[in-house]
Amino acid sequence: MGKDQQEDNKTKQKTSEFSLVRVKSTWKCKLGKKINKDTAGCVSPAKIYESITEKGTTWTVVSPITFTYKVTETQGLLDPSNDTLLLGHITDPQQLEDIKKSNKPIRRFLVADQEVYKIYGTKIIEYLEVNDVVYKILALPTTEENKSMEMALKILEEVNNFSLDRRTEPIIAIGGGVCLDIVGLAASLYRRRTPYIRVPTTLLSYIDASVGAKTGVNFANCKNKLGAYIPPTAAFLDLSFIQTVPRRHISNGLAEMLKMALMKHRGLFELLEKHGCMLLDTKFQANNSAYGCSSFKAASQATRIAITTMLEELAPNLWEDDLNRLVDFGHLISPALEMKVLPSLLHGEAVNIDMSYMVYVSQESGLLTEEEKQRIISCMVGLELPVWHEACTMELIQKSLQDRLKHSGGLVRMPLPIGLGQAEIFNNTSYEILHKAYKKWCDELSVSSDSSGDH
Amino acid sequence: MTESASDIWSSWDSGSMISKNNSSCSQQTRFNLVQVKGAWNRQPEQSQTAEGKLSDAKIYENKSEHGVSWTVFSPITFTYRVIQCKNILDPSDDTLLWGHVGDDELKGTLINSKPVKRFVVIDETVNQLYGSWVTQYFEARQVVHKILPLPTTEENKSLELVTKILQEVHQFGIDRRSEPIIAIGGGVCLDVVGLAASLYRRRTPYIRVPTTVLSYIDASVGAKTGVNFAGGKNKLGSYIPPVATFLDCSFFQTLPPRQISNGMAEMLKMALMKHRGLFELLEADGRRLLSTKMQSCDTSSSSEHEHSATVSIRIAIETMLEELAPNLWEDDLDRLVDFGHLISPELEMRVLPALLHGEAVNIDMSFMVYVSHQKGLLTADEKNRIIRCMLGLDLPVWHQDCTLALVQKSLRERLKHSAGSVRMPLPTGLGRAEIFHDMIEDNILCQAYAKWTDELSSSGNK
Chain C
3 MGKDQQEDNK
13 TKQKTSEFSL
23 VRVKSTWKCK
33 LGKKINKDTA
43 GCVSPAKIYE
53 SITEKGTTWT
63 VVSPITFTYK
73 VTETQGLLDP
83 SNDTLLLGHI
93 TDPQQLEDIK
103 KSNKPIRRFL
113 VADQEVYKIY
123 GTKIIEYLEV
133 NDVVYKILAL
143 PTTEENKSME
153 MALKILEEVN
163 NFSLDRRTEP
173 IIAIGGGVCL
183 DIVGLAASLY
193 RRRTPYIRVP
203 TTLLSYIDAS
213 VGAKTGVNFA
223 NCKNKLGAYI
233 PPTAAFLDLS
243 FIQTVPRRHI
253 SNGLAEMLKM
263 ALMKHRGLFE
273 LLEKHGCMLL
283 DTKFQANNSA
293 YGCSSFKAAS
303 QATRIAITTM
313 LEELAPNLWE
323 DDLNRLVDFG
333 HLISPALEMK
343 VLPSLLHGEA
353 VNIDMSYMVY
363 VSQESGLLTE
373 EEKQRIISCM
383 VGLELPVWHE
393 ACTMELIQKS
403 LQDRLKHSGG
413 LVRMPLPIGL
423 GQAEIFNNTS
433 YEILHKAYKK
443 WCDELSVSSD
453 SSGDH
Chain E
50 MTESASDIWS
60 SWDSGSMISK
70 NNSSCSQQTR
80 FNLVQVKGAW
90 NRQPEQSQTA
100 EGKLSDAKIY
110 ENKSEHGVSW
120 TVFSPITFTY
130 RVIQCKNILD
140 PSDDTLLWGH
150 VGDDELKGTL
160 INSKPVKRFV
170 VIDETVNQLY
180 GSWVTQYFEA
190 RQVVHKILPL
200 PTTEENKSLE
210 LVTKILQEVH
220 QFGIDRRSEP
230 IIAIGGGVCL
240 DVVGLAASLY
250 RRRTPYIRVP
260 TTVLSYIDAS
270 VGAKTGVNFA
280 GGKNKLGSYI
290 PPVATFLDCS
300 FFQTLPPRQI
310 SNGMAEMLKM
320 ALMKHRGLFE
330 LLEADGRRLL
340 STKMQSCDTS
350 SSSEHEHSAT
360 VSIRIAIETM
370 LEELAPNLWE
380 DDLDRLVDFG
390 HLISPELEMR
400 VLPALLHGEA
410 VNIDMSFMVY
420 VSHQKGLLTA
430 DEKNRIIRCM
440 LGLDLPVWHQ
450 DCTLALVQKS
460 LRERLKHSAG
470 SVRMPLPTGL
480 GRAEIFHDMI
490 EDNILCQAYA
500 KWTDELSSSG
510 NK
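Quick mapping for you: the protein sequence lines, in order, are chains C and E. The opening residue of the first sequence carries number 3 in the numbering used here; numbering runs sequentially from there. The opening residue of the second sequence carries number 50 in the numbering used here; numbering runs sequentially from there.
Because the hints were derived from the structure by calculation, they are not lab data. We treat Cβ as the ideally placed atom computed from N, Cα and C, and that holds for glycine. Be careful, since some hints might not be right.
[What the hints assert, rightly or not] In silico EDC-like pairs for lysine to aspartate or glutamate, Cα to Cα no more than 20 Å straight-line:
no.: 1; chain 1: C; residue 1: K408; chain 2: E; residue 2: E217
no.: 2; chain 1: C; residue 1: K30; chain 2: E; residue 2: D383
no.: 3; chain 1: C; residue 1: K156; chain 2: C; residue 2: D167
no.: 4; chain 1: E; residue 1: K458; chain 2: C; residue 2: D167
no.: 5; chain 1: E; residue 1: K424; chain 2: E; residue 2: E490
no.: 6; chain 1: E; residue 1: K166; chain 2: E; residue 2: D224
no.: 7; chain 1: E; residue 1: K465; chain 2: C; residue 2: D167
no.: 8; chain 1: C; residue 1: K26; chain 2: E; residue 2: D381
[To be verified] Computed beta-carbon distance windows for the label pairs:
no.: 9; chain 1: C; residue 1: Q97; chain 2: E; residue 2: E209; range: 36 to 46 Å
no.: 10; chain 1: C; residue 1: A288; chain 2: E; residue 2: K86; range: 33 to 43 Å
no.: 11; chain 1: E; residue 1: K163; chain 2: C; residue 2: S150; range: 25 to 35 Å
no.: 12; chain 1: E; residue 1: P306; chain 2: C; residue 2: E56; range: 26 to 36 Å
no.: 13; chain 1: C; residue 1: A222; chain 2: E; residue 2: R399; range: 31 to 41 Å
no.: 14; chain 1: C; residue 1: Q97; chain 2: E; residue 2: T303; range: 49 to 59 Å
no.: 15; chain 1: C; residue 1: N223; chain 2: E; residue 2: Q95; range: 42 to 52 Å
no.: 16; chain 1: E; residue 1: R399; chain 2: C; residue 2: V135; range: 30 to 40 Å
Between the sequences and the hints, there should be enough to build the whole structure, so can you do that?
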């Protein structure tokens, strides 16, 4: 932050560095880095560098903006006595106290996925009524096919009619990844930035969409081509939503967990290997007598590791300044695949197919042993995820990798596992290896795809 | 007030965090983030590891009986350059293609590498005047280019226009990082392209080339982008600055006089808020600046009237940058640069397209000067000087559609949009101002309005 523009110092121009100091209602430029201790509390972290040339003046503005957001586990989010949904995003204790003491009604605008609303709508309304909230709930069919600017605009029209306060009335999104992405984008656009809250209701959104900054909609038949990097003020994670999620969608979420495990965490991999079936059966819930309390322990451990590993990777690179991203594993080929066969593959399923192929590439490159490869594929199958797809042709793979080159500044930046729970990014995997791996992948796995029966 | 990243997490370290679910205490750990061999690892603050790259981002983990809560702090640094230049469309000048690239070495490499590609959005009217020069520039330099002329007017300033740009950009194909979209035009053009670029791939670099006085000193030096929505000005947008803005005042030569006045309204705004010297300059030289269309504004030549153009522009930009840089994302809603922008949005949209943006701003400022005087913050003499200066700049100081009802409605909207406080910047002297948080008393507002109308309505609408 605030690095000097070294390059200016090398050229002929003289560059002056200015700090910005607050004086009553206004800001003043002050020459130099060293600021009087008296005014230290009113110095901005932003800087202006000025250099004068024969053509005129050049100013360089360096302005750091700190994004702060919370990711909070809670139980019974929709229990009227739990104030997390309404106040959990507030970090300042004084502010919290003021709100609790005030008799100003709390106002909230909520967007819920239509299907989620069918199941939880009554509970949500009860929560809001008991807490005397002035509210508007918009239930929308947030599917991948609808994930468009049109839907974001629909939300914006309603938000605009609700007269939201600019800062203190965050928009609340309740649903899966698509819902959270669209609402996030709408909120980012409204007044150039409106606070919003994510309540993920699927396993996938719980560990993936909710913990990062990305928002987006599809455009020109491409996934997430338009969007923003504005994180929510907070994400509230309540595992109990998972109990109404169909089994297939739980597998879907497990794919993203597996991704983090394969990239960074051997322990998580072993947990998924060992307890995957149980997690599917218990739906990450605590009260399953068949498995006893070990099920919830595994569930919360798995979700926590998935989240912390994801946060580790996202927080230092929130705006993707660095295009080398381990979390891109499973996301080089899957976007094209997902869009091609829409809606027959869920996001996580497409990701898994991508990962499954890449594991073959790793093994072919000598980075993984045959045994490790088998273990990974077995784990995937155990999680009831597809490991092959006929639409994932060599052409699709090649085209995806070419697009990757275009979108990633000329390098393919391919994350590949180099052991169980370890990975690195590669740029020079040969066509020969890709092709060999593809052949083997088809040979060994195309049979199992027929038996998994959901395509 | 804007805090630095380290201020924010040091206040966390002092441990006065209340757990959301009313539990009295929770265990909190602060983690640093260190990159080792391509993977980021969190490390508790206490343990110092020498190896690996340390991020500015931090994660706090809070454990309580209700579960775990993580708080992420992630600073993102926005860097952008505002570069005065001459002859930007001269094929021998590098600025348009490479002015955004800071490092001289990098510049050299880029100039020699693969075919250069650029996508340019240009205002329709600007295209009629300069389009052939732009084309010539890119052809002479063998740049693969697409120029998209669009009618970027206030009425068209919508998401539809943004979508059109996005469709064309997508079809043309640009590299994610190294091929910035170029916008050439006035404020509307720059705002619309900026928003399109912000959305594409979640962030695409873009460059602003302002061609009006207003966009030169205002739209080009800040981060804001936007379009109108549901009858509201700039209701949708982003705070993503361009990678660079190139300021070439020779574009002003083809501006109608009305547009020059329009831009000077924003200059006057900065003068009234922050800079007595600039006010006096506009008072003394305003008419000459108008008639010479602010030419030679970027040379250090010795001629007297060239000097005032140069100086006034420089002061306008510096004062604007001073106010915008520390508050790029408007975390602080107290903004002196909002002067002239409390009532004008409503007025501008209501009489669209009768008033240009700067003209609406000036009418707002003119009224607010009367409010200041009514509150005893300005003397009658100061008030009159300011109004005379405005008239000298050929700016409208009153408008029949700026009714008392519109004023009151605007201030109510302001309350809504500014987190419960009216935050009204008012001049408290020539070249200084303060922000008032309490709503103006109704009687003062009415008296100011009555006086304003009495004294100025005869000057008529523009």
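Given the hinted pair K156/C and D167/C, is their alpha-carbon gap at most 20 Å? It holds: about 19 Å lies between the C-alpha atoms, which stays within 20 Å.
Given hint D381/E paired with K26/C - CA-CA distance at most 20 Å: Judged against 20 Å, a Cα distance of about 13 Å means the pair holds.
Please verify whether K424/E and E490/E have alpha carbons no more than 20 Å apart. holds, 10 Å
Holds or violated: are the alpha carbons of K465/E and D167/C at most 20 Å from each other? It holds: about 6 Å lies between the C-alpha atoms, which stays within 20 Å.
Is the Cα-Cα distance between K408/C and E217/E 20 Å or less? Holds: K408/C and E217/E sit about 17 Å apart, inside 20 Å.
A222/C versus R399/E beta-carbon gap, inside 31 to 41 Å or not: holds, 36 Å
What's the verdict on K458/E and D167/C, does the C-alpha distance respect the 20 Å limit or exceed it? Given pair K458/E, D167/C holds - Cα atoms ~16 Å apart, limit 20 Å.
Hint check for Q95/E and N223/C - Cβ pair distance inside 42 to 52 Å: holds, 50 Å
Hint check: K166/E vs D224/E, CA-CA at most 20 Å. Holds or violated? Holds - the C-alpha atoms of D224/E and K166/E are around 9 Å apart, at most 20 Å.
For the pair supplied as a hint, K30/C and D383/E, confirm whether the alpha-carbon distance does not exceed 20 Å. holds, 15 Å
Using the beta carbons of R399/E and V135/C, state whether their distance is inside 30 to 40 Å or not. holds, 34 Å
P306/E and E56/C, beta-carbon distance inside 26 to 36 Å? holds, 30 Å
In terms of the numbered hints stated before, the structure departs from none.
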